[in-house]
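Chemist: Following the hints, position chain B against chain A.
Number of protein chains: 2
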Amino acid sequence: MSDSPRRRIPEAALGRLPVYLRILVDLASDSVTRVSSEQLAELAAVNAAKVRKDLSYLGTYGTRGVGYDVQFLTYQIQRELGLNQSWPIVIVGAGNLGQALANFSGISERGFHIVGVVDKDSSKIGSLVGGVRVTHADELAQIVQAKSVSIGIIATPAQHAQEAADSLVRAGVGSIMNFAPTVLNVPEGVNVRKVDLALELQILSYYEQCRNTSNVTPADTATGAVSA
Amino acid sequence: MSDSPRRRIPEAALGRLPVYLRILVDLASDSVTRVSSEQLAELAAVNAAKVRKDLSYLGTYGTRGVGYDVQFLTYQIQRELGLNQSWPIVIVGAGNLGQALANFSGISERGFHIVGVVDKDSSKIGSLVGGVRVTHADELAQIVQAKSVSIGIIATPAQHAQEAADSLVRAGVGSIMNFAPTVLNVPEGVNVRKVDLALELQILSYYEQCRNTSNVTPADTATGAVSA
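In order, the protein sequence lines correspond to chains A and B. Residue 190 in full-length UniProt numbering is what sits at position 190 of the first sequence, and the numbering runs on without skipping anything. Residue 181 in full-length UniProt numbering is what sits at position 181 of the second sequence, and the numbering runs on without skipping anything.
Okay, chain A solo, but in the shape it has when bound (with noise of 0.2 Å):
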């Protein structure tokens, strides 16, 4: 891979970029021009050689006692995350998840369109969800060829979200989104990233439990909480 065009960046790194770019977007809507590696550091809870080898996979690096300039290392992430293309997306499940992720202002504001909504339940079809009109599952591949789709939303319940990743898989989806609560298998060289929506839930019982049984108080890591 040395002669590749692009460097890999490192999956933990890679993580951490959307978190930044998250900050950054909140600190450039509050007029802050430019950070240090180490607020980035305190706002995103890692530490500031973290954050500084996380952008120099950008090629970019902060000028000592200065720091970053907010409007352009947003550019640089969202230029490495592939943010400045817009990316047609394809939601399979129609029900309140997918209607949620359908509306969901933080996905079409950051490139992301949802050009198809499919479901297998005909109650379902012909209904307008985030401006889309959703069709039956049988029409998935056509979608995804029409509209050029490369990332799927399983949004189905768990027993269906393998069936789910099968047609998309088929149709030529390679990166796929899974919120339903199960394992999926899928061939070589697609990519999948489940999100779980209790995994946040279970680390607040572990501060509430801490806070319950003893006198550790959560308040030291209330800056830790990816949003404080």
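Worth flagging that the hints you see were computed from the coordinates, not collected in a lab. Please note that the accuracy of each hint is not assured.
Calculated pairs, DSS-like style, for lysine-lysine (alpha carbon to alpha carbon, straight line, at most 30 Å) [what the hints assert, rightly or not]:
#1 B:120 - A:53
#2 A:50 - B:53
#3 A:124 - A:147
Just a sample of chain B residues kept apart from chain A, beta carbon distances all over 10 Å, derived [stated by the list, open to error]:
#4 32
#5 36
#6 48
#7 56
#8 65
#9 67
#10 133
#11 142
#12 145
#13 160
#14 171
#15 191
In this text, all values refer to a predicted model and were calculated from it rather than measured experimentally. Each residue gets a CB set at the ideal place from its N, CA and C atoms; glycine is no exception.
Modeler: Chain B in isolation, oriented as in the chain A frame:
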């Protein structure tokens, strides 16, 4: 803190415990009874030394050449995360996302149970969501006290999230999971965890961009996906 009855788990290690837990539950459902740190590491996309270090915070050490007992390790992580007790939860916002969360089996199966869903929209009040009757947001404090709620979920649009957080804090809720794409201001001592539904999408778009623009294939990172 040296005389604390409970050792504090570092934030990063804590964040991986729910990931290990999900893997263990999946392994158990496949009738796997023992797992090595190397296997856990591969499934969680971290290195084996880190797995062993993380689990050492629970006071547990796998047996060399034998690994960890899946069932006992599951119990230990659940106990550490406080999942062997029941956590009453209130959801603010009865829209699609609130409804999806109230119905999400991945939440109810892990020791959390939804005891209240509130909304300000009178058209939603009285409807049944995840088996719970939606009540007016004005009744939040009453529900929190009556049901001893310590964890609140914000599933409102972004522009109502701060108001929801203020209400939860006033009602005495100390832990908040925020799904709204916005930053919340809360008093010290209140834990906020933000869930960014679009975060994983941004990681997928990185890999898609790699796939399209270079000779780096994402195949070698397919196992890096949490669900692989």
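Chemist: Decide, hint by hint, whether the structure agrees.
Modeler: Going through the hints against the structure:
no.	hint	in the structure
1	B:120 - A:53	violated, 45 Å
2	A:50 - B:53	holds, 19 Å
3	A:124 - A:147	holds, 21 Å
4	32	holds, 12 Å
5	36	holds, 19 Å
6	48	holds, 15 Å
7	56	holds, 17 Å
8	65	holds, 27 Å
9	67	holds, 20 Å
10	133	holds, 17 Å
11	142	holds, 21 Å
12	145	holds, 16 Å
13	160	holds, 13 Å
14	171	holds, 15 Å
15	191	violated, 5 Å
Violated hints for the displayed structure, listed by number in ascending order: 1, 15.
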